[in-house]
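2 protein chains.
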Amino acid sequence: MAHKYVYLFKEGNETMRELLGGKGANLAGMVNMGMPVPQGFTVSTEACTRYYDDGKVIAQEILDQIDAALAVTEEINEKKFGDPQNPLLVSVRSGARASMPGMMDTVLNLGLNDEVAAGMIAANPDPAFERFVYDSYRRFIQMFSDVVIGLSKHDFEHVIDKFKEEKGAKQDIDLSADDMKTLTAKFKALYKEQTGEDFPSDPKVQLIEAVKAVFRSWDNPRANVYRRMNEIPYSWGTAVNVQPMVYGNLNNNSGTGVAFTRDPATGKKALFGEYLINAQGEDVVAGVRTPSPIAQLEQDMPEVYAQFVEIANRLENHYKDMQDMEFTIENKKLYMLQTRNGKRTAAAALKIAVALVEEGMIDEDTAVLRVEPQQLDALLHPQFDSKALKAAKPIGSALPASPGAATGRVVFDAADAKAWAANGEKVILVRLETSPDDIEGMEAAQGILTVRGGMTSHAAVVARGMGTCCVSGCGDITMHAAEKYFTLGGKDYKEGDYISLDGSTGKIYGEAIPTVEATISGDFEKFMGWADAKRTLKVRTNADNPRDTIQAVKFGAEGIGLCRTEHMFFEGDRIKSIRKMIIAKDAEARKAALEELLPYQQGDFTAMYEALEGRPMTVRYLDPPLHEFVPTKKNEIEELAGELGVSYEELAAKIESLHESNPMMGHRGCRLAVTFPEIAEMQTTAVINAALAVNAAHPDYNIVPEIMIPLVGEVKELKFVKDIVVKTADALIAASGTDLHYKVGTMIEIPRAAVTADQIATEAEFFSFGTNDLTQMTFGFSRDDAGKFLDAYYEAKIFENDPFARLDQTGVGALVKMAAEKGKATRPDIKLGICGEHGGDPTSVKFCHSIGLDYVSCSPFRVPIARLAAAQAAIAGAK
Amino acid sequence: MAHKYVYLFKEGNETMRELLGGKGANLAGMVNMGMPVPQGFTVSTEACTRYYDDGKVIAQEILDQIDAALAVTEEINEKKFGDPQNPLLVSVRSGARASMPGMMDTVLNLGLNDEVAAGMIAANPDPAFERFVYDSYRRFIQMFSDVVIGLSKHDFEHVIDKFKEEKGAKQDIDLSADDMKTLTAKFKALYKEQTGEDFPSDPKVQLIEAVKAVFRSWDNPRANVYRRMNEIPYSWGTAVNVQPMVYGNLNNNSGTGVAFTRDPATGKKALFGEYLINAQGEDVVAGVRTPSPIAQLEQDMPEVYAQFVEIANRLENHYKDMQDMEFTIENKKLYMLQTRNGKRTAAAALKIAVALVEEGMIDEDTAVLRVEPQQLDALLHPQFDSKALKAAKPIGSALPASPGAATGRVVFDAADAKAWAANGEKVILVRLETSPDDIEGMEAAQGILTVRGGMTSHAAVVARGMGTCCVSGCGDITMHAAEKYFTLGGKDYKEGDYISLDGSTGKIYGEAIPTVEATISGDFEKFMGWADAKRTLKVRTNADNPRDTIQAVKFGAEGIGLCRTEHMFFEGDRIKSIRKMIIAKDAEARKAALEELLPYQQGDFTAMYEALEGRPMTVRYLDPPLHEFVPTKKNEIEELAGELGVSYEELAAKIESLHESNPMMGHRGCRLAVTFPEIAEMQTTAVINAALAVNAAHPDYNIVPEIMIPLVGEVKELKFVKDIVVKTADALIAASGTDLHYKVGTMIEIPRAAVTADQIATEAEFFSFGTNDLTQMTFGFSRDDAGKFLDAYYEAKIFENDPFARLDQTGVGALVKMAAEKGKATRPDIKLGICGEHGGDPTSVKFCHSIGLDYVSCSPFRVPIARLAAAQAAIAGAK
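Protein sequence lines, in the order shown, are assigned to chains A and B. Residue numbers for the first sequence, in my numbering: 6 to 884. Residue numbers for the second sequence, in my numbering: 6 to 884.
Quick caveat, the hints were computed from the structure, so don't treat them as lab data. Computed from a predicted structure; not experimentally measured. Hints are not guaranteed to be accurate.
Since copy identity is lost for identical chains, a pair holds within one copy or between any two.
[Claimed, not checked] Derived EDC-like pairs: lysine to aspartate or glutamate, alpha-carbon spacing no greater than 20 Å straight-line:
{"hint": "1", "residue 1": "LYS721", "residue 2": "ASP59"}
{"hint": "2", "residue 1": "LYS175", "residue 2": "ASP58"}
{"hint": "3", "residue 1": "LYS724", "residue 2": "GLU800"}
{"hint": "4", "residue 1": "LYS392", "residue 2": "ASP160"}
{"hint": "5", "residue 1": "LYS209", "residue 2": "ASP119"}
{"hint": "6", "residue 1": "LYS822", "residue 2": "ASP763"}
{"hint": "7", "residue 1": "LYS431", "residue 2": "ASP537"}
{"hint": "8", "residue 1": "LYS638", "residue 2": "ASP744"}
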């Protein structure tokens with residue numbers, strides 16, 4: 006038997022989303038429920054995939070099945086395709102597995118030609134109807150020309166405009182039936198002029214071309230971008246729904262509308278929506294006329310309203326979720342054109358999930374699965390006012406480095422940011438790139454915009470920690486910091502000008518856009534409680550200071566998974582001491598400089614242990630190459646030479662000697678501790694002394710320091726550094742006269758560490774997967790440089806998403822899994838976590854759960870997201 | 006029962022090298038064969054390992070076993086340790102599994118103290134004997150103080166010199182017995198002065214301290230360096246041999262010598278060696294007196310000579326290899342002190358191996374195993390005259406980038422090198438670093454010395470291809486190229502000064518040292534024939550031009566495993582065309598520039614196919630980041646801008662835009678072909694057209710081009726580029742009207758490629774492991790930067806050798822093995838090779854054989870080495 010590619014609505018059901026797409030499956034579902042749906046058929050997603058596999062051709066067997074389905078559709082609807090006496094007109098719409106609103110193409114009124122139009126008018130010789138027929142016809146020609154053939158919409162709009170001018174008509178409604186007929190003829194002429202061919206009059210040809218066009222639209226650039234943003238695989242393909250047309254614009258007993266069973270903005274339980282009398286769907290969307298609230302329908306057509314309410318309730322009860330429905334009324338008869346689980350704001354998602362549980366419609370597990378983890382971001386950060394945002398046009402875009410929305414006046418340095426903010430101004434700090442010197446200015450700013458730097462640049466990491474909106478790496482900006490303006494998209498933005506940033510999308514706006522503050526409602530706690538009850542994966546945070554730590558704990562962090570000690574070395578005198586250490590000529594001088602750093606570092610750890618109130622903390626030892634701590638500009642070097650009391654030449658030579666061809670793979674991580682063991686000694690002293698002090702003050706905390714050696718690739722390397730740690734720590738503990746347990750573990754961030762994890766686990770008491778670096782080295786490309794070619798990779802569909810944002814499960818993930826298994830084989834009780842950026846990405850969190858990690862660690866504001874993703878993984882895993 | 010740590014010589018045998026070390030095992034062997042050996046005992050290598058495991062302490066059970074063995078030794082030799090009447094004196098010598106001549110420590114005459122010395126003299130009251138006793142005693146104190154305690158030898162020498170001055174004695178022999186006694190007292194006083202303690206008079210204390218010292222010497226810096234150079238694992242440890250002393254310096258009926266059963270320089274079959282009457286071993290080594298040839302012994306002591314000849318023959322027949330023996334004659338009685346397989350030159354190794362087969366002593370397989378593959382280097386490259394080399398002192402050292410020895414006059418640029426060479430001068434080209442412009446000068450030079458660049462720098466790669474000696478990366482040099490001199494070790498070397506380079510060791514000499522030309526004897530062909538008959542692994546070469554190709558084929562290369570196409574882009578107008586391509590603003594301009602390159606590239610491939618005469622060639626597509634093709638200096642950019650007809654600003658901006666943070670992991674390899682498919686099109690056209698042309702001219706060649714896509718990390722990436730290749734190639738082949746098969750494969754050089762090799766093999770018809778880059782990315786360190794910390798890693802014994810020279814089997818090798826297995830699982834007939842530097846390293850070649858690769862590819866002059874290593878692996882594998 007031939008494979009089935011085409012399904013009548015009545016042959017499908019709502020569980021067949023993969024095959025029929027969401028729209029097709031739900032249309033089938035409504036038909037099965039006996040609801041008034043114009044019955045047509047769905048060409049399956051498999052047909053789409055086959056279309057591409059066959060080289061963009063629809064196979065004959067599929068064409069045959071479309072023919073057969075069309076014949077049955079004609080029978081059911083008692084109309085005939087192309088029959089002037091009783092014509093069937095159809096809409097042809099895309100419908101993928103996941104909703105991709107507006108991304109793909111639609112053709113309405115398909116089946117019209119001169120004969121059909123004439124036949125329709127002959128059967129109903131009313132001038133208003135005649136106008137309606139030719140209006141529909143000219144719209145069809147325009148839509149088909151645009152969507153199927155790729156002609157420019159504007160050329161058609163231009164014909165209309167010119168014609169209206171000739172006629173002295175201001176609006177479309179000023180045009181008569183005859184005018185519409187003339188326009189139809191003009192459109193056909195334009196079509197012929199541009200294509201060299203007559204507009205196809207055979208409805209079957211129109212249909213097949215429209216189906217192909219929908220298939221093609223799966224691969225259009227905006228669909229590809231949308232899929233990448235929403236993680237919809239290219240391989241899914243789209244289905245095509247062919248449905249008989251009904252007309253809400255037939256007369257004043259007709260209309261069309263959309264409605265939700267609950268308020269999609271707030272989640273409030275009440276029918277919510279709007280409709281327009283005597284209109285088609287596009288009129289509602291176009292916004293030319295103002296629709297009435299759905300309640301008005303009760304006044305206008307009480308019976309239709311009652312029927313609609315009943316259907317809406319049945320649908321919500323059936324799908325057990327808030328429904329988003331499209332309907333049309335034709336001559337007082339209600340038709341349902343679509344239902345789907347409605348998109349909703351984060352606040353509504355929470356409220357609806359909790360309400361559905363309280364109403365007994367779903368259980369808590371289902372509720373937990375109903376909220377997209379990523380959505381929680383919107384609850385934790387300010388967002389743009391949605392209406393104001395609609396009116397705004399971005400002037401550029403870059404990396405969405407830290408989520409949230411911000412609006413404020415441009416300033417170009419940290420001191421100004423601080424000063425202006427102190428005067429009550431909201432400011433956006435715009436910098437080439439940020440450095441640790443900018444911290445206070447970053448804190449004072451609403452948002453941060455940088456010209457250089459990726460998702461793990463200083464600006465990005467610090468902003469995420471603070472929860473401040475940040476857009477990074479906008480290479481399109483030409484910076485004139487000295488003159489206090491920057492240029493973007495051909496326009497200058499001066500100090501004091503308003504701009505707005507969306508850190509969740511990376512968009513930049515050249516104006517003020519009102520923002521709405523983040524609000525966490527009571528439902529949040531209840532909902533997250535359900536999630537926490539289910540999850541087995543622990544969630545820690547990446548934090549380097551008490552402020553971020555306290556924030557993360559508020560968000561439910563169960564400890565610190567990554568404390569990057571180098572971030573502690575930048576403030577005030579510390580940077581001077583570390584620079585002294587770097588230029589030290591021998592171990593003695595190095596030790597002296599480290600002695601200066603010790604009290605700072607110990608103080609930091611003490612404060613963080615206090616903030617954690619007994620929760621665990623993993624401290625990563627010094628990681629970055631030392632050149633990151635020294636200046637490169639001549640005047641800065643001169644100044645520093647003065648401060649440090651060395652000659653400019655000597656200092657410049659030292660700094661030059663720190664230069665590396667590939668610093669990512671250079672003298673950093675534990676390699677620093679191997680060459681300069683004094684560093685590891687100092688850091689151990691700081692960690693252990695801090696833990697001893699805080700344990701003494703709070704005996705119930707029972708702090709067990711976790712010391713993490715970065716960039717290990719070989720067990721002997723870890724052992725070498727661990728020996729220094731143990732020797733230093735044990736001496737301090739012995740001297741203290743108290744008992745303190747501590748653990749020494751390692752980052753797994755180098756491929757060789759993953760491959761030899763069984764050996765490394767003989768020394769490491771825990772592994773933390775540093776998937777940022779592991780991704781770079783496994784793929785062999787540097788995050789800083791990949792921008793040059795990643796776009797080409799997306800275009801060629803070599804990559805469907807950014808491996809730095811979403812863990813690459815096939816390659817990097819395989820290494821993580823291998824290392825986890827090898828580690829456990831050597832040391833069954835080894836603790837396994839992840840502390841790369843991926844620790845806050847829901848899909849990656851689910852992967853971490855599936856391979857049995859103990860915890861993920863992410864930036865403070867991603868902690869709730871990770872908690873929810875972990876819960877969903879546990880629930881899905883249990884099923 | 007307690008573990009046995011100490012073996013009497015008569016308890017061991019020559020198969021127990023691992024436990025007793027080479028010296029101990031062979032002493033035991035000679036005892037078993039009834040030869041005259043002073044019988045003592047060996048403290049095993051396990052005792053050494055345990056000594057380190059126990060924290061540098063000799064366990065009591067080992068001390069007890071030493072005591073027991075000493076008691077038996079006293080019995081056998083009928084002497085007693087510390088007994089003035091009949092004292093036993095012993096030597097304490099190291100002896101590792103592998104011979105490490107001069108690397109570890111020895112103490113002679115141990116057991117002497119005041120009473121013993123007095124007792125010996127009382128028993129034999131002869132002034133000459135008395136002098137001998139005190140000379141031995143003072144030597145013992147000096148050696149013990151140096152070796153065991155670590156006092157400075159020079160302080161003792163100073164005491165002697167001062168004493169001789171006082172006495173008016175010119176030479177040691179001018180000192181009387183009394184003088185020696187006085188010196189002994191002075192030495193003991195010096196010992197006490199420096200240590201605060203009396204010199205230990207208890208022979209047992211002396212013995213244990215000496216054993217510990219030998220154990221410690223396993224870890225001394227020179228032993229560590231030697232081990233790393235010779236790949237001797239640190240974990241092996243050394244044994245300690247305690248042997249009764251015999252005295253060649255007792256009188257004129259005594260003597261000592263060393264002899265080989267065949268000439269170690271030429272391999273000629275004849276007893277070869279030298280001896281000294283009335284002398285101890287150190288006298289022979291010290292070179293104060295000139296020894297007589299061994300034949301003289303036949304005149305001096307015919308019976309002893311006959312006995313020695315008989316023993317030498319028995320030993321050679323027993324060990325079936327040339328023996329290197331030490332002997333001492335005490336009062337006309339012969340004692341054997343050591344035998345071992347003798348070190349020999351490459352020429353001798355070949356001659357001996359072939360001769361032993363012809364004499365029926367060993368079979369061909371054994372002969373093949375007898376020559377170290379690395380040794381063949383010496384047959385293929387000029388070497389220094391060994392005597393002249395002994396007298397020379399290096400002025401510096403750097404990376405041994407291309408083997409062989411070279412001597413010549415310093416020149417500082419390629420044009421001078423060419424001009425001077427044309428005048429018959431031998432020159433050494435000294436450069437900061439070389440660039441493709443220098444090719445002709447490099448060809449003209451005897452050797453190349455660079456200040457910058459590693460083992461894979463331009464200079465290194467090109468020099469290895471040419472077989473020219475090269476020492477690279479000598480950062481100690483201060484270059485004054487404009488003034489035509491360089492400074493090294495505080496001394497200036499001007500243009501025209503003689504220097505010499507040893508490309509096998511990396512040493513640099515500030516003088517002319519005569520060299521001996523490479524000579525390949527008839528034995529070479531016969532021997533390599535035996536090797537080839539055994540090996541299953543094919544050996545290809547890395548070559549980018551016909552000259553290297555022809556050389557490699559002469560050395561037995563079976564094809565080209567890696568043709569780096571970028572090397573073809575540097576000469577003359579080509580570099581201009583590639584620069585035009587780089588600055589092209591669109592695909593059209595890029596195509597036009599590539600059109601210019603096409604004839605060059607096609608011509609190169611044609612010439613190489615001709616040179617290969619039907620052997621296969623793997624062509625790697627453009628790999629390096631584009632910035633490698635453009636200048637960075639302002640004046641060069643200005644000049645280029647003029648040539649290309651663009652503004653300086655535009656060109657500078659373009660070049661700036663090519664800058665990358667980590668170019669190793671940047672926009673290179675197949676990423677170039679993804680962003681600029683035109684490059685792959687041009688290269689495919691060149692390869693296919695060349696193959697078509699050469700096949701047409703030589704139908705018997707049946708060329709099957711192998712096209713290799715570099716830096717692949719994901720199968721879709723390979724498929725994308727392969728599609729371009731196939732489309733271009735198929736069109737050309739169809740147009741040619743002939744048939745041509747070709748293969749498309751990939752480098753596996755990115756960890757992700759290894760991890761996903763099963764997927765990649767769906768598209769790749771062959772894998773070539775690029776272990777240079779794979780090592781960098783698997784370890785996460787860049788070769789160019791690793792110099793900053795690798796020394797510390799060697800010192801800390803984290804690494805025992807350079808992973809770029811020797812394939813890291815644990816990590817990188819595991820990935821190679823995994824990829825090979827995954828590749829074969831998907832495509833059982835996939836062809837597997839390796840083309841990294843490791844392809845010419847014997848140990849790595851053996852690994853490649855063991856995991857079932859089909860071929861290795863290496864630089865032309867390493868082809869014979871790889872052939873031999875592959876044969877040895879096959880023979881070892883068959884056993």
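Consistency of the hints with the structure:
no.	hint	result
1	LYS721 - ASP59	between (55 Å within a copy, 19 Å between copies)
2	LYS175 - ASP58	neither (49 Å within a copy, 98 Å between copies)
3	LYS724 - GLU800	between (45 Å within a copy, 14 Å between copies)
4	LYS392 - ASP160	neither (31 Å within a copy, 92 Å between copies)
5	LYS209 - ASP119	within (15 Å within a copy, 121 Å between copies)
6	LYS822 - ASP763	both (12 Å within a copy, 17 Å between copies)
7	LYS431 - ASP537	neither (37 Å within a copy, 79 Å between copies)
8	LYS638 - ASP744	neither (49 Å within a copy, 62 Å between copies)
Checked against the numbered hints above, the structure violates hints 2, 4, 7, 8; every other hint is satisfied.
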